[in-house]
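Whenever a hint applies, use it, and build me the whole structure from the sequences.
2 protein chains.
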Amino acid sequence: MATIKDVAKKAGVSVATVSRAINDKGYVHEDTRKLIDEAIRELNYKPNEVARSLFNKKSRLIGLILPDIRNPFFPELARGVEDEMQAHGFRLIIGNADEQLDKEIDYIETFKLNNVIGLISASTNAVLSQYKSLSFPLVLLDRTSEEHPSVHADGYAGGRLAARELVNRGSSRITLLKGPVEFQTARDRFKGAVDELYSANVEFDVMTTASFAFQEAEYWAKELFEKYPDTDGVIASNDVVAAAIIHEAHRVGKKMPEELQIIGFDDIPFSQFLYPALSTIRQPAYDMGREAAKLLIKQINGEKLESKRIQLPVQFIERQTTRKGDHHD
Amino acid sequence: MATIKDVAKKAGVSVATVSRAINDKGYVHEDTRKLIDEAIRELNYKPNEVARSLFNKKSRLIGLILPDIRNPFFPELARGVEDEMQAHGFRLIIGNADEQLDKEIDYIETFKLNNVIGLISASTNAVLSQYKSLSFPLVLLDRTSEEHPSVHADGYAGGRLAARELVNRGSSRITLLKGPVEFQTARDRFKGAVDELYSANVEFDVMTTASFAFQEAEYWAKELFEKYPDTDGVIASNDVVAAAIIHEAHRVGKKMPEELQIIGFDDIPFSQFLYPALSTIRQPAYDMGREAAKLLIKQINGEKLESKRIQLPVQFIERQTTRKGDHHD
DNA sequence: TTGAAAGCGCTACCAT
DNA sequence: ATGGTAGCGCTTTCAA
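Residue numbers (full-length UniProt numbering), protein chains in the order written: chain L, 1 to 329; chain C, 1 to 329.
Everything hinted at is true.
Identical chains blur together in the list; that is why a pair holds if it fits in one copy or across any two.
In silico SDA-like pairs for lysine to any residue, Cα to Cα no more than 20 Å straight-line:
| # | residue 1 | residue 2 |
| --- | --- | --- |
| 1 | Lys57 | Pro47 |
| 2 | Lys112 | Ile22 |
| 3 | Lys46 | Ser133 |
| 4 | Lys46 | Lys112 |
| 5 | Lys324 | Arg164 |
| 6 | Lys112 | Thr3 |
| 7 | Lys46 | Lys58 |
| 8 | Lys191 | Gln315 |
| 9 | Lys46 | Asp106 |
| 10 | Lys112 | Asn48 |
Just so you know, these hints were derived from the structure itself, not from any lab.
Every value quoted in this text rests on a predicted model; they were computed, and no experiment measured them.
In structure tokens form, the structure reads like this:
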């Protein structure tokens with residue numbers, strides 16, 4: 001690979017001048033610049049990012065930590081981040097924490113040691129001391145905390161919405177699945193649903209699903225019908241769990257949506273292909289990713305953030321696991 | 001962040017000695033080492049990867065290029081790669097090419113400029129000249145070429161198997177979906193199915209699905225039933241497409257598996273949750289990822305590769321979109 | 001407008 | 001067994 005020295009030699013100038021030329025800093029004569037551009041092109045020169053990074057203590061790399069790359073919600077977030085970053089000349093490197101604390105810590109460490117210029121984390125353990133001692137900006141995605149800027153969907157409204165739709169469509173013995181308690185987002189959804197159910201004066205049971213992951217979703221589904229065989233409406237903790245419940249409902253012979261209504265959360269691409277197609281509360285994952293990226297870029301550029309906590313609206317997506325409602329809103 | 005200088009000062013030795021100590025190279029007295037370890041711990045020193053990388057022209061980073069992070073097959077590959085790499089002290093950075101050539105090129109460039117020590121690519125355009133001029137080893141994953149070591153599943157056998165199962169279970173007007181022609185893997189599957197169908201002397205139509213992606217899957221499904229309304233057996237190009245077909249089949253009122261059998265390819269986690277649960281040809285994605293990682297690590301360590309093309313077996317997963325067969329194998 | 005030189009943090013060579 | 005030092009490729013003073 002050609003270095004800046006090669007370029008300098010070829011153009012007959014010093015490396016300092018070349019450096020100024022590439023970075024558009026300080027003076028460089030028009031003619032000299034031409035010479036340099038020419039040399040760069042001929043040698044197909046690309047500045048060595050590592051050397052730059054060593055000097056600047058900043059690369060052009062952005063780290064993104066995902067808690068579980070297998071849950072389709074997160075790849076969608078990643079795409080939003082990616083597209084926005086790409087448009088601004090930053091490069092994204094993704095780390096999959098696999099819901100394991102040590103992996104997450106490893107990735108943070110890797111990102112630090114490789115001089116990322118910023119970090120977006122959609123992962124579990126934002127409370128971690130690891131996140132405090134960062135020398136670069138951090139944005140929380142699909143998570144919140146007091147200390148860091150964040151982007152998340154309105155889980156509380158989502159919870160209320162899910163409950164309201166279910167009630168309006170006639171479920172009266174509702175089972176509310178509560179996601180992992182560590183997640184603020186999961187708690188928000190839960191609280192929203194509880195509040196709505198209380199105020200509508202509808203009976204409901206609560207079951208905790210201690211994870212959002214695939215492997216366990218089936219287990220939660222089985223447990224659900226064992227514990228609450230009479231339930232006629234389920235508010236699932238996310239679409240993956242909802243998918244498992246639909247599957248199990250078929251197995252135990254429940255008719256959907258006649259005998260059992262189900263509402264998911266997320267609206268992952270697969271939900272439309274389920275049978276019956278899953279009604280769900282949609283989080284605008286792609287947009288959330290983009291917003292998080294924008295927030296991070298602002299910080300990198302040293303701009304003031306007008307809002308540190310960006311909350312995006314959710315939306316009820318009506319499909320086939322809910323009945324036609326008589327409501328109007 | 002503490003540097004090697006700080007450690008040296010604190011331990012009262014030279015940086016050279018510290019360097020030798022951390023890297024276990026050359027002599028360093030037991031007592032000195034203790035001093036150094038002590039200093040490292042007190043300062044919480046971590047060697048700066050960027051500086052190391054600048055000198056060595058090698059980082060500990062492995063690049064992984066995925067063609068489409070939204071197709072659940074690829075995250076599964078990624079996890080295999082990740083786990084194996086982690087066990088060997090390498091760090092994985094994932095790039096999502098999003099099936100776009102320029103993004104793929106960008107990622108290769110980023111990886112180069114950040115001195116990755118090796119690259120695994122599951123992406124489209126392995127033919128690219130970009131892949132030729134690499135200064136670090138490359139392993140192709142879910143792809144093959146003559147020039148580079150690769151790991152892939154036995155698509156040909158998979159195609160045969162899919163066709164055989166469908167025929168044995170009584171489909172006689174089969175529609176064979178052919179994936180994107182650029183992919184050797186897609187061509188292999190196709191060829192396998194064609195060969196089997198010919199030798200079984202069964203009628204079949206061919207429809208090309210020019211992508212594996214979600215957004216288009218629904219379109220292929222609709223096209224399928226418009227063009228071939230009488231088909232009673234579909235060999236889908238992958239599970240995502242199969243999911244869309246199941247969905248569409250419900251819409252047009254086809255009973256599965258009685259009137260229509262479907263076989264997918266991949267066995268992504270979601271397939272078990274479809275209704276009817278999808279029968280499919282399973283690729284051992286996680287293992288493929290691990291094997292690719294092993295292959296890359298061997299190359300990095302300069303070991304000879306006994307086999308450059310690793311082919312993993314596929315397997316028929318019987319679920320509900322195929323009828324009970326009368327066959328025995 | 002340009003260039004010489006120092007230095008980012010680390011490793012490796014060569015002395016000692 | 002240890003240390004001084006050059007140099008990886010780049011940017012940035014500072015002088016010219």
